[in-house]
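Asks: Spelled out from the first residue to the last, the chains are:
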Amino acid sequence: MLRSLWYSSRVRGWAVQIALLGGLLALLWWIAGNTLQNLAERGIRTGFDYLWRPARFPISESVVSYTPADDFFWAYVVGVTNTLWLSAITIVAATLLGLFVGLSRRSDNPLLSGLARIYVTVMRNVPLIVQLLFWYGIATSSFPAPREALNPLPGVFLSLRGVYAPGLIVAPGGGLLLGLGVLVVLLAIAVVLRWPRPPLGRPGWAAICAGGAVLTLWGMSRALGHPLALSFPEMAGLNFRGGTQLSPEFAAIIFGLTLYTAAFVGEIIRGGIEAVGKGQWEGGRALGLTERQIMFRVILPQALRVIVPPMTSQYLSTVKNTTLAVAVGYPELGLVVNTVINQTGQAIESILVMLGVFLTISLSVSLFMNWYNARVALVTR
Amino acid sequence: MKRMIVMTALCASALALPALAQSTRDTVQERGRLICGASQGTPGFGAPDDDGYWRGLDIETCRAVAVAVLDDKDAVDFVPLTGQQRIPALQTGEIDMLPRTLTWTLQRDANGINFTTPNYFEFTGFMMPRDLGIERVEDMQGATVCVQTGSTTEVVVADVSKKHDLDLSPVVFDNTTAARQAFFSGRCDALITDAGALASVRATMAEAPGDYLIFPATPYVDALTPAVAHGDDQWLDIVNWSIQALIAAESFGLTQDNIDDHMDSDDPRIRRFLGVDPGNGAALGLSEDFAYRIVKALGNYGEVFERNVGMDSPLQLERGRNALFSDGGLMFPLAFQ
Chain D
1 MLRSLWYSSR
11 VRGWAVQIAL
21 LGGLLALLWW
31 IAGNTLQNLA
41 ERGIRTGFDY
51 LWRPARFPIS
61 ESVVSYTPAD
71 DFFWAYVVGV
81 TNTLWLSAIT
91 IVAATLLGLF
101 VGLSRRSDNP
111 LLSGLARIYV
121 TVMRNVPLIV
131 QLLFWYGIAT
141 SSFPAPREAL
151 NPLPGVFLSL
161 RGVYAPGLIV
171 APGGGLLLGL
181 GVLVVLLAIA
191 VVLRWPRPPL
201 GRPGWAAICA
211 GGAVLTLWGM
221 SRALGHPLAL
231 SFPEMAGLNF
241 RGGTQLSPEF
251 AAIIFGLTLY
261 TAAFVGEIIR
271 GGIEAVGKGQ
281 WEGGRALGLT
291 ERQIMFRVIL
301 PQALRVIVPP
311 MTSQYLSTVK
321 NTTLAVAVGY
331 PELGLVVNTV
341 INQTGQAIES
351 ILVMLGVFLT
361 ISLSVSLFMN
371 WYNARVALVT
381 R
Chain G
1 MKRMIVMTAL
11 CASALALPAL
21 AQSTRDTVQE
31 RGRLICGASQ
41 GTPGFGAPDD
51 DGYWRGLDIE
61 TCRAVAVAVL
71 DDKDAVDFVP
81 LTGQQRIPAL
91 QTGEIDMLPR
101 TLTWTLQRDA
111 NGINFTTPNY
121 FEFTGFMMPR
131 DLGIERVEDM
141 QGATVCVQTG
151 STTEVVVADV
161 SKKHDLDLSP
171 VVFDNTTAAR
181 QAFFSGRCDA
191 LITDAGALAS
201 VRATMAEAPG
211 DYLIFPATPY
221 VDALTPAVAH
231 GDDQWLDIVN
241 WSIQALIAAE
251 SFGLTQDNID
261 DHMDSDDPRI
271 RRFLGVDPGN
281 GAALGLSEDF
291 AYRIVKALGN
301 YGEVFERNVG
311 MDSPLQLERG
321 RNALFSDGGL
331 MFPLAFQ
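Chains D and G, in that order, are what the protein sequence lines are.
Counting from 1, position 374 in the first sequence corresponds to residue 374 in the UniProt record's numbering; the numbering is continuous, with no gaps.
Counting from 1, position 116 in the second sequence corresponds to residue 116 in the UniProt record's numbering; the numbering is continuous, with no gaps.
None of these hints come from the bench; they were simulated from the model.
Quick reminder that beta carbons are idealized off the backbone N, C-alpha and C, glycines included.
Be aware that one or more of the hints could be misleading.
Stated by the list, open to error - Taking beta-carbon pairs under 8 Å as the criterion, some of the chain G residues facing chain D (in silico):
1. 80
2. 154
3. 172
4. 186
5. 187
6. 189
7. 333
8. 334
As the list claims (entries may be wrong) - Covered stretches of chain G (chain D as the covering partner; in silico rule of three or more C-beta atoms under 8 Å from a C-beta of chain D):
9. 158-164
10. 222-236
11. 306-313
Construct the complete structure from the given sequences, taking the supplied hints into account.
Replies: This is the structure in structure tokens:
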């Protein structure tokens, strides 16, 4: 009996796996126990109680609202939302710019393809941190002081404090109105597009729909007590007040990271396009399609299969690259974690939070991209 | 990225190393070098000079300990640390002591480090260009303030802004140099840190130091105090009394030049200080003449102060509250017996 168990490859396989897993768990247990003991001996506080104490330190800008009276947990949330915001904008912008760069490199126009090649070479070969510091240097040295701010358009001010522009003030109920507004506009567009032969012809029907949408929105805004308003920046004391601000820190990190990432994205897209056989182009031409149609309807859909897997890694590195924003003073999660460590002294807990957050973001991006990859992958039988 | 690696390494060393059984003094003597945390460059307090030799008030505080333990003021390695790395580095034993413009606060004291003897008393200040015409905190309405993380000043900015309803907008940097450059490029109206460091920045980085004004951010004076890790009381005593030796020497009127003339002093306290009458050294686990050697190598606190940050240095700071108590300051010599 035992003999036959020993020779069963299944049983042996399981036994080895269980032994390995057990060993790994024991190692983790030993490390955790050792850590706690060492921390206790050095008199360092442990645990996550500090999360609910007031953070007391300021954060220069945030997507969600934050004051120093909020707790450490909320400070982390602010860091995470800033990181996500930064990642999302960079990924979308770099993908669009990268597509343009990738297509430009294949262009017949020697000027365009040459410029694209120089761009890719420069961006890929200069360290990202140097690029960020360069853009930040430009943003903080080539503009006038706030009192002599450039005023290219009414209500828009350019200075060392960044760009100030008129902003939307959203009172309670404003979010609801904005959501409804988007819905109504989408509905109106759908109605116009979906009705093949409306009465009064298409333009007339479109005018009726637009008029209806405007009236409905105005009515709702009135019912909610006009929750949306514009605010204009004004000089008060040493700085502008009101309006929306694009800070030099945010501008530098978005600009630098997008330009850097777009070079890699461009190469991935170019590689994907070149991986599609020449016969596809020739087939398209034989059918009388234009070059543009061939590119967007024949080549790109097939290229996606090659593009998506390396693009996933590129997106993941972009998310992780956002931590370099500390160098230019944008408060993403890394900067918040650094500050929390200093204020509380609890380095291990804070680093664990950061690990957990980045793992979650990266796994989510990978899961989404894998799902998308499965959708565009070649179906074989 | 680099600092993340450092942080991870620090964490990892907390995980992996078994607790140290050996005393810090023995470790240092065996190694033959004392390892001190240093700043990333605050001339006057701690920065390498043109020849790469570290100079400054904090640096000499560390050298005093090296003289006491190793009888060599140059047997010290300085590790430049950011504000945020410095405390974990001390807690995990990467450095033996941390003399780095560190404010003595309850939270820090209670959480894994011990403060020794303050070597500098200073308020937290704002520095602003004179042409903005602002000379006190109450007028700073809407000002943008450059802050470096890893210090107590972030909290001061928030507190001051709330207290006077100033609507200050902070721009936070993770390294000292970036915060200072941003200030001088005009990104911020003001720079905040302790006033001694501000004087250092003004003296060394401003094109025209006279164009900048420094004023207190709060009415409170902080004690900048070298710290050691928890768990080694003998080491705490050694660092405490090495710093005390500098202060006590000044109160006795002992200087680098005249100390040899006092070896036959009649004053019993001076005799014990110099180790002529034995007892003090043995109690600390040091040689009897440790205080004599400190003063012989570095001078007294007043000499160290004047050399590094005083009126003859580029910083041109007055002794003020850092004078001896007998001159109206806060430096108080304890009893060497």
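Asks: Does the closest beta carbon of chain D sit nearer than 8 Å to the beta carbon of residue 186/G?
Replies: Given a least distance of 5 Å, the restraint on residue 186/G holds.
Asks: When the nearest CB of chain D is found for residue 333/G, is that gap smaller than 8 Å?
Replies: Violated: closest Cβ of chain D sits about 29 Å from residue 333/G, beyond 8 Å.
Asks: Report holds or violated for chain D covering the region 158-164 of chain G, Cβ cut-off 8 Å, minimum 3 residues.
Replies: holds (count 4)
Asks: Would the hint on residue 154/G stand, with a C-beta cut-off of 8 Å toward chain D?
Replies: holds, 4 Å
Asks: Would the stated hint for residue 187/G survive a check requiring a Cβ distance to chain D of less than 8 Å?
Replies: holds, 4 Å
Asks: Measuring from the C-beta of residue 334/G to each C-beta in chain D, is the shortest one below 8 Å?
Replies: violated, 25 Å
Asks: Going by Cβ atoms only, is residue 172/G closer than 8 Å to chain D?
Replies: This interface hint holds because 6 Å falls under the 8 Å limit.
Asks: Has the region 306-313 of chain G got at least three residues whose CB is nearer than 8 Å to a CB belonging to chain D?
Replies: n = 0 at 8 Å, threshold three: violated.
Asks: Hint residue 80/G vs chain D: min CB-CB distance below 8 Å?
Replies: violated, 17 Å
Asks: Is the interface hint satisfied for residue 189/G? The criterion is a beta-carbon contact with chain D at less than 8 Å.
Replies: With Cβ-Cβ at 5 Å, under 8 Å, it holds.
Asks: Using a Cβ cutoff of 8 Å, are there at least 3 residues of the region 222-236 of chain G near chain D, or does the coverage claim fail?
Replies: n = 3 at 8 Å, threshold three: holds.
The structure does not agree with the numbered hints 1, 7, 8 and 11 stated previously, though it agrees with the rest.
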